[in-house]
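Trainee: Spelled out, the chains give:
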Amino acid sequence: MTHHLSRRTFLAGSAVTAAGLAGVLSACSTSKSGGSNPQLRYQFFTTQALPDATVVQEALNAHLKKAGADFTIKLEPMDMDAFTKRMPLDFASGSAGDIFFTASWLNNYYTNASTGNFLALDDLLPKHAPKLWASFPKNVWDAARVGGRIYGVPNAQLWPYRYGFLARQDIAEKYKLDLQTLNTYEDLEPFLAAVKAGERGKTALYTDNTGAGLPWAAGVMDFDLIGATFGVAVRPDDANLTVLNMYDTDEFRAACQLARKWYKAGYMATNAPSPADAGAAWANGQIMVQLMQVRGTGLPAFPTVGKSLMDPWLTTSGVLGSITAVNRDTQSPERAVALLERLNTDQDFYNLICFGVEGKHYAVTDKSLRRVGFPSGVTAESDRYNPNTDWQFGNQFNAYYRDEAAAKAKLWDEQKKLNESAKPSAALGFTADTDPVKTEVANVSAVVTEYQLRNFSGLVDPSTGVPEFVDRLKKAGIDKIIAEFQKQIGTWRESH
Amino acid sequence: MRRRLTVTLPDRAGRRQAPRLSAGRLAVHFGLLLCALAFLAPLMLVVSASFSSEKGISEHGYGLLPREFTTRAYEYVMKDPSQLVQAYGVSILVTVVGTAASMLIMSMLAYALAREGFFARRALSFYVVFTMLFSGGLVPMYILMTRYLHLRDSLLALILPYIVVPWSVLLLRTYFRALPSSVIDAARMDGAGELRIFAQVVVPMSGPALATIGMFTMLTYWNDWWQGLLYINDDSLNPVQLWLYRIITNVEAISSNPALAQATSAPIQSLRMAVAVLAITPIIGAFVFLQRYFVRGITVGSVRG
Amino acid sequence: MTGIARRMGARPIHEERDRDEDRPGGGGAARGTSSPGATGRRWRSHNLPLLLIALPALLALLVFYYLPMLGIYIAFVDYRPARGVFGSEWVGFENFDFLFRSGDGWRITFNTVVMNSLFIVATLVTALAIALMLNELRDRWKWLSRFYQSILFLPYFFSYVIVSYFVMAFLDPDRGLVNHAFGLGQHNWYAEPGYWPIILTVVSVWKGVGFWVIVYTAGILAIGPELLEAAQIDGASKWRQIYHVILPILTPLIIVQLLLSIGNIFRADFGLFYLVTNNSTLLYPSTDVIDTYIYRSMTKFGDIGMASAAGAYQCVVGFVLVVLANWLVRRRNPENALF
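Protein chains in written order, with the working numbering: chain A, 17 to 512; chain B, 2 to 306; chain C, 24 to 362.
Derived by calculation from the structure, the hints in this document are not laboratory data. A few of these clues could be false.
Here are the simulated distance ranges between beta carbons [said to hold, decoys possible]: (1) A/Asp477 with C/Arg130: 19 to 29 Å; (2) B/Phe70 with A/Lys432: 26 to 36 Å; (3) A/Glu205 with B/Val289: 54 to 64 Å; (4) A/Thr226 with B/Glu76: 27 to 37 Å; (5) A/Asp429 with C/Gly115: 53 to 63 Å; (6) C/Pro308 with B/Asn234: 35 to 45 Å; (7) A/Ser479 with C/Arg130: 20 to 30 Å; (8) C/Arg354 with B/Pro283: 46 to 56 Å; (9) A/Lys190 with B/Gly286: 48 to 58 Å; (10) C/Pro220 with A/Asp429: 55 to 65 Å; (11) A/Thr197 with C/Arg130: 23 to 33 Å.
Every beta carbon over 12 Å from chain A, so not counted as near; a handful from chain B, in silico [what the hints assert, rightly or not]: (12) Phe120; (13) Met190; (14) Ile249; (15) Ala260; (16) Tyr294.
Since we're looking at a predicted model, the values are computed, not measured. For every residue, glycine included, the Cβ atom is placed at its ideal position computed from N, Cα and C.
Build the full structure now, drawing on both the sequences and the hints.
Mentor: Following this line, the structure appears as structure tokens:
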């Protein structure tokens, strides 16, 4: 195996050596032979050691054999940190796997697709993954296009952003929070004030030093971010597709004013902690309310109530939240796509990779509800295979439920409906090419990180802080980015 | 050689008397003691936090005494003790082999660079210094290690990248240069070759220098998780720092990302500190053990000749 | 003092030079003042064995440092992994643009150099002072001086993550020790950049000083007590001893420390500036340095070419500074120069 692997990586990665040599060798690497029963490497991230990954891998391969597949699978989980650092290096050295997890926020889908690390799947999907190909409407596939071609398969799950808030149920009851009348973040104010006055020594509102948990989120304000991290957006209902700087809008200024008011009233910690510490404080019941997406998944440590305060929009970045892509250098593109078909349409196969082997890593607690739990004597911590990221591996609507409330509510059906009823953004399917403006993007990103947080976390007075922010953005070249994207989006609309 | 040395060095016996405990010395002690307290406090804080409950820390912050004493963090780390033991084993092996090999070849180079009249002294010193200033970055190193040297999942990947630390070579060279040249000259006149002078004269005389740099080299190997993160996939080859680092980053990822939430949450705040304690305890032990060699140093070496 | 040193035989090698030059067949041979036959003999008995002794480490440096250096080429291309390092398109200095076109270029350069200079000087002075103090104690209560030394080295073991929590235990505005103990009320330290050059210097010295104390102590130990005692017999005062015996012996070490620090003056300790400040953006006027800026511009749209360009920029500046500083040192005393 090691021998096979090193030879393969050598061939596949040969393009990295001197150009002339690469020409000769890469000819071999692109010959799509792959042997009779090739092993496909699947790289994904995990946040929990998976000592039994090999056990599950054997089960998966037994399943594949029974189903008559002409390939096997090799699971290569990496810790999130290692995944982040290693994937670019693996691409650079030609040692990346056959298929891997990618997203707008991790192992950047757009960057990888546009720099040529991924295989375009347009021709392969209809032929080798017909069920998968038929399962999404055209606009979902469009969202995955970069430069007109599809470079990955979105993993079906709840796609629209659902920003809102969560509050501890006991606190909500104690201070009589009325969800019905609550429609904006401003409406939360009396509740926060009551909590602050009544719960001494606790923090009313969650904040962390990355800016999560604040009354500003592009999605809440109905912006469709086309330059995800640097504030360039369009309004999803804008038929003219005017590209704008969302930090220079009334919505942003209003949100900053609100944050300033809340900060001064002492609802948030004076010095926001790191996300891990803030998360720990939330889990320990030290924080009462959190502004976040309300998706109904995940396993809360205590009962909460919550509500989403926004319209569901189907946006490109929402759909690109979880994708599986194929290595451009794979020896067996057809089988890699067949594996994608299996992950997305073969429920047993999919649940095996999500939950492990029945009886060993999970136990069915309620067959009719499709609900599972841990086998007796096993906990989330001691389970030797518990990736807990079903949304990473394929169509999440095929997954078992862990949470009882979700199972009873048939959450997957609810979310499927939400996906279908969500209005598509006018810019759905457009992905901006940052390459012509990459210097400006780097500079603007730096300015955004410096000024965004202090403004929308209430640390400075927005009446002076926001104009300063906008001024710095202009100096860093945001107008050039806007002009470039406006041009691109115009071209895109014509061809669309 | 032995004779010459004892001639050059005066007889120490009877010459030394313990100095008086003057006001000046007391002041020095007082200053150092204050310093020591400032330096000891963080250790206390880390240890106490590692025995605190999550709730206690969230409510009151870190303190010098545990908040709501618990050993939950240690239990979390040791839920599978065999892995921890294995990781310690890997670290010890890498540290011992790495330090021995590294010290040998680094001090040989440093000796050559320290020798008066060695024709390539300046050029080679530049050769060493240059490596500290220029680096090609991570990508070429990764390609070299994985594609050309095939060191993925090999313990050599943890040892070789640090086998020569230019910084240490330069420090060693500086120490070697300060050695009395008369001794080396004498050995040369006795007909000893360069390798013998190095092994039998310079090394024995450089106790504190070698112990010091050896300590830093050990630390480099012991503390490293980065090479492991890059080149080790096989869990059984994880050094302990990497293993602990992975526990922390995983728990942090879960704690900070609602999409990854588990019904039971790991004690992240105390865990971080418990991990620090587990990671540094052995190396502090080694340090305290080695330290007497720093102090004993050259006096012993030179008297022994 | 030199008289004593000579009598004790503890003369550092570099003082030998003066004498060698007067002596035919001595060190002068390497400077070509002697016959070809002598040179050949010297080559076989001296240079060749030394070269062989140095060889293993030289090879290791070649493989693990010089080979990867070819990758600096990445800074000058539009890097596409699929095309390989040398197959990617050459773009000249385009990747460097982002560093210089931003309005922050001056600020981050200034902060990096000023903060690093503060660290260098403060660490040097503190480490020397402590090493000298420890030296005063070395013949009485040895265990105590050893105890101090270990304690001083402790912070070196902690990662900046841990250090950042320690600092926060002091400075947290809501429950930190400083605000509580000294009754400073709601002083928000993480929002006031003015204090941070001092805070970070203290943290940096606190964390790194133990290392240098050990380095300098080992240097002082190389002197041997005999030399110092001889100085005492000569009636030299403490200060004169320090000034005339100890400091001259430590000078080469000090110069190594300074020269190497100057080479890295354009590289900031990322953990210190990012974690210890809790990444509070309000502190950027004094704590935003080249490395944090690169991190900020690269996190989301990481471009390997641009990151390499930033690295190359730091390398070149560091290199120029070291060559310059080394030249200055060399003019005064060639033996103290790095190369």
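Trainee: Each hint: holds or not?
Mentor: Here's how the hints hold up against the structure:
no.	hint	verdict
1	A/Asp477 with C/Arg130: 19 to 29 Å	holds (22 Å)
2	B/Phe70 with A/Lys432: 26 to 36 Å	violated (49 Å)
3	A/Glu205 with B/Val289: 54 to 64 Å	holds (57 Å)
4	A/Thr226 with B/Glu76: 27 to 37 Å	holds (30 Å)
5	A/Asp429 with C/Gly115: 53 to 63 Å	holds (57 Å)
6	C/Pro308 with B/Asn234: 35 to 45 Å	holds (43 Å)
7	A/Ser479 with C/Arg130: 20 to 30 Å	holds (24 Å)
8	C/Arg354 with B/Pro283: 46 to 56 Å	holds (47 Å)
9	A/Lys190 with B/Gly286: 48 to 58 Å	holds (52 Å)
10	C/Pro220 with A/Asp429: 55 to 65 Å	holds (59 Å)
11	A/Thr197 with C/Arg130: 23 to 33 Å	violated (48 Å)
12	Phe120	holds (35 Å)
13	Met190	holds (53 Å)
14	Ile249	violated (9 Å)
15	Ala260	violated (6 Å)
16	Tyr294	holds (37 Å)
Taken one by one, the earlier hints fail for this structure at numbers 2, 11, 14 and 15, listed in ascending order.
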